[in-house]
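Dock the two chains into a complex; use the hints.
Residues per chain are reported as follows:
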Amino acid sequence: DTAVSQTPKYLVTQMGNDKSIKCEQNLGHDTMYWYKQDSKKFLKIMFSYNNKELIINETVPNRFSPKSPDKAHLNLHINSLELGDSAVYFCASSQDLRDKETQYFGPGTRLLVL
Amino acid sequence: SQQGEEDPQALSIQEGENATMNCSYKTSINNLQWYRQNSGRGLVHLILIRSNEREKHSGRLRVTLDTSKKSSSLLITASRAADTASYFCATHSGNTPLVFGKGTRLSVIA
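Chains as they are written, first to last, in my numbering: chain A, 1 to 114; chain B, 115 to 224.
Isolated chain B, as found in the complex (with noise of 0.2 Å):
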């Protein structure tokens, strides 16, 4: 069964604004992943917040999460047009193997 919904579907913004991605869950977790997909590629591993961790950042990435609300975002700040992907959150529960979610498509316009 599918354990994490990206809101929203798609998010259309212009280069230098920030843009935030949600992720909601329904089970326990282990650990909650995001990753970046380019249209044609493979998935790319972006961060991992551990079940204990309420905040993470990497760069331009910023990500919270929320266990009571079983929920997550991940923001990008000064977005540049190579951004522009889908982006998936990924759910680790115990010894299930990772649950991904449909994703939010993100277009950042020059």
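Extracted from the complex, chain A is given alone in its bound form (with noise of 0.2 Å):
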């Protein structure tokens, strides 16, 4: 059973298109993050949530629009995509804010913005 779930895996698209990514998380964990990882491997922080509300938002282009259903799912939502877009995203899950001990990470969105 995958504990952080992501779709799709790959997503090819031309510049200028709307596309989401979705996570599902069936841990239990109150919070869960979305990270870019670029080409050189540098993984940073984008968006994280608890309990379905926003807490930190990193500065991120407000092209992309988090989305959270509810606790267990955070989707990600991108408008007029860049090339500069193109990256690897990485869906994540703690137990809770208090707790960012250890994070689950799915398996990743490989993004290509042609």
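These are computed hints drawn from the structure, not numbers from a lab. All C-beta atoms in this analysis are idealised placements derived from N, C-alpha and C, irrespective of residue type, glycine included. Take the hints with a grain of salt, since some may be wrong.
As the list claims (entries may be wrong) - Computed list of lysine-lysine pairs in DSS-like fashion (alpha-carbon distance at most 30 Å, straight line):
#	chain 1	residue 1	chain 2	residue 2
1	B	Lys183	B	Lys170
2	B	Lys216	A	Lys40
3	A	Lys41	A	Lys19
4	A	Lys40	B	Lys140
5	A	Lys41	B	Lys170
6	A	Lys71	A	Lys52
7	B	Lys183	A	Lys40
8	B	Lys170	A	Lys44
9	A	Lys67	B	Lys140
10	A	Lys67	A	Lys9
11	A	Lys41	A	Lys9
12	A	Lys36	A	Lys67
13	B	Lys170	A	Lys71
14	A	Lys9	A	Lys40
15	A	Lys9	A	Lys19
16	A	Lys44	B	Lys216
17	A	Lys41	B	Lys184
18	A	Lys44	B	Lys183
19	A	Lys9	A	Lys22
20	B	Lys183	A	Lys19
21	A	Lys22	B	Lys216
22	A	Lys36	B	Lys184
23	A	Lys71	A	Lys22
24	A	Lys9	B	Lys216
25	B	Lys216	A	Lys41
26	B	Lys184	A	Lys44
27	A	Lys44	B	Lys140
28	A	Lys52	A	Lys19
29	B	Lys184	A	Lys40
30	A	Lys41	A	Lys71
31	B	Lys216	A	Lys36
32	A	Lys44	A	Lys67
33	A	Lys67	A	Lys52
34	B	Lys140	B	Lys184
35	A	Lys9	A	Lys44
36	A	Lys19	B	Lys216
37	A	Lys67	B	Lys216
As the list claims (entries may be wrong) - Chain A is nowhere near these chain B residues, computed Cβ spacing over 10 Å in every case:
#	residue
38	Asp121
39	Gln128
40	Ser142
Okay, here's the thing in structure tokens:
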């Protein structure tokens, strides 16, 4: 059973399109995250949600909009995709905000913008 | 801003040898964690060491923390081909999110 799952695994799209990535965790965790990993493997946090509420919103263009319909799901919608958005996007979860001790990562979504 | 910096960027060793990776950080921390990322996969948590701990073991892994030097090391003993992966340190400070370094790419040659 996959603890943190993401769909799709691969996403190839044209510049200017709008796309969504979905994330689900079955660990019963309260906190979920989105990370972006660039071509140099640098992993940077984008958003953090706790119990469906936005907690952290790092410097991310407002073309990126996270949505959490319930605490087991955190989706990422990207408008007007740009070449620089090409990266691997990882969803992660942790027990709660106080316990940022262990994060569980999904397998990643490889986004390529042409 | 980036907190952890791993060193070396890449490391290649023979199976059975030990692998040592280092991580330096800039500000005071609550804890430091090491993660592994196999090619094409997500990160997997390996070990956490708190700021008041100096050394921790988990199987073939040994982590040290020197808060005076703001550095940590990850030692993998008796390496195996399956240990081939990228290894990241991540620091947790106060209420800020985990900050990851750029990773060390380890290649273990059979």
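Here's how the hints hold up against the structure:
1. For the given pair, B/Lys183 sits about 17 Å from B/Lys170 by alpha-carbon distance, which is consistent with the 30 Å threshold.
2. Taking the CA atoms of B/Lys216 and A/Lys40, the gap is near 8 Å; set against the 30 Å cutoff, the hint holds.
3. Simply put, A/Lys41 and A/Lys19 have alpha-carbon atoms about 23 Å apart, close enough for the 30 Å limit, and the pair holds.
4. Only pairs whose Cα atoms come within 30 Å are accepted, and A/Lys40 paired with B/Lys140 is accepted, the gap being roughly 21 Å.
5. For the hint linking A/Lys41 to B/Lys170, the alpha-carbon distance of about 26 Å falls within 30 Å, and the restraint holds.
6. Proximity of A/Lys71 to A/Lys52 is assessed by CA-CA distance (about 5 Å); at most 30 Å being required, the pair is judged to hold.
7. A C-alpha spacing of about 26 Å is found between B/Lys183 and A/Lys40, which places the hinted pair at or below 30 Å, so the restraint holds.
8. The suggested pairing of B/Lys170 with A/Lys44 holds, with an alpha-carbon distance near 26 Å, which does not exceed 30 Å.
9. Distance hint between A/Lys67 and B/Lys140 is unfulfilled; the C-alpha atoms sit about 33 Å from each other, more than 30 Å.
10. At roughly 19 Å between alpha-carbon atoms, A/Lys67 and A/Lys9 fall within 30 Å of each other, so this suggested pair holds.
11. Only pairs whose Cα atoms come within 30 Å are accepted, and A/Lys41 paired with A/Lys9 is accepted, the gap being roughly 17 Å.
12. For the suggested pair A/Lys36 and A/Lys67, the alpha carbons sit about 16 Å apart, so the restraint of at most 30 Å is met.
13. A threshold of 30 Å between alpha carbons decides the hint, and for B/Lys170 with A/Lys71 the separation of about 33 Å lies outside it, so the pair is violated.
14. For the hint linking A/Lys9 to A/Lys40, the alpha-carbon distance of about 19 Å falls within 30 Å, and the restraint holds.
15. The hinted pair formed by A/Lys9 and A/Lys19 meets the criterion: a straight-line CA distance of about 13 Å does not exceed 30 Å.
16. For the hint pairing A/Lys44 with B/Lys216, the CA-to-CA distance comes to about 10 Å; that is within 30 Å, so the pair holds.
17. Distance check on the hinted pair: A/Lys41 and B/Lys184 sit about 23 Å apart at the alpha-carbon level, within 30 Å; holds.
18. At roughly 24 Å between alpha-carbon atoms, A/Lys44 and B/Lys183 fall within 30 Å of each other, so this suggested pair holds.
19. For the hint pairing A/Lys9 with A/Lys22, the CA-to-CA distance comes to about 10 Å; that is within 30 Å, so the pair holds.
20. Restraint check: the Cα-Cα separation between B/Lys183 and A/Lys19 comes to about 44 Å, which exceeds 30 Å; the hinted pair is violated.
21. Under the criterion of a C-alpha separation no larger than 30 Å, the hint pairing A/Lys22 with B/Lys216 is consistent with the structure, at around 25 Å.
22. Between A/Lys36 and B/Lys184 the CA atoms are separated by roughly 26 Å; this keeps the pair inside 30 Å, and the hint holds.
23. Taking the CA atoms of A/Lys71 and A/Lys22, the gap is about 13 Å. The hint holds against a cut of 30 Å.
24. Distance check on the hinted pair: A/Lys9 and B/Lys216 sit about 23 Å apart at the alpha-carbon level, within 30 Å; holds.
25. Taken as a hint, the B/Lys216 and A/Lys41 pair is honoured in the structure, with Cα atoms around 6 Å apart against an allowance of 30 Å.
26. Under the criterion of a C-alpha separation no larger than 30 Å, the hint pairing B/Lys184 with A/Lys44 is consistent with the structure, at around 21 Å.
27. Among the hinted pairs, A/Lys44 with B/Lys140 is consistent with the structure: their alpha-carbon atoms are about 17 Å apart, no more than 30 Å.
28. The hinted pair formed by A/Lys52 and A/Lys19 meets the criterion: a straight-line CA distance of about 21 Å does not exceed 30 Å.
29. A distance of roughly 24 Å separates the Cα atoms of B/Lys184 and A/Lys40; the hinted pair therefore holds under the 30 Å criterion.
30. Proximity of A/Lys41 to A/Lys71 is assessed by CA-CA distance (about 28 Å); at most 30 Å being required, the pair is judged to hold.
31. For the given pair, B/Lys216 sits about 12 Å from A/Lys36 by alpha-carbon distance, which is consistent with the 30 Å threshold.
32. Straight-line distance between C-alpha atoms of A/Lys44 and A/Lys67 comes to about 19 Å, which keeps the hinted pair within the 30 Å bound.
33. Restraint check for A/Lys67 and A/Lys52: satisfied, since their Cα atoms lie roughly 8 Å apart, inside the 30 Å limit.
34. A hinted pair counts as satisfied when its Cα atoms are at most 30 Å apart, and B/Lys140 with B/Lys184 qualifies at roughly 7 Å.
35. For the hint pairing A/Lys9 with A/Lys44, the CA-to-CA distance comes to about 19 Å; that is within 30 Å, so the pair holds.
36. For the hint pairing A/Lys19 with B/Lys216, the CA-to-CA distance comes to about 27 Å; that is within 30 Å, so the pair holds.
37. Between A/Lys67 and B/Lys216, the direct Cα distance comes to roughly 28 Å. Compliance with the 30 Å bound is thereby established for this hinted pair.
38. Separation of B/Asp121 from chain A is adequate, the least Cβ-Cβ distance of about 14 Å exceeding the 10 Å criterion.
39. For B/Gln128, the condition that its CB be more than 10 Å from all CB atoms of chain A holds, with the nearest at approximately 24 Å.
40. No Cβ of chain A approaches the Cβ of B/Ser142 within 10 Å, the least distance being about 16 Å, so the stated non-interface status holds.
When the structure is compared with the earlier hints, violations turn up for hints 9, 13 and 20 and for no others.
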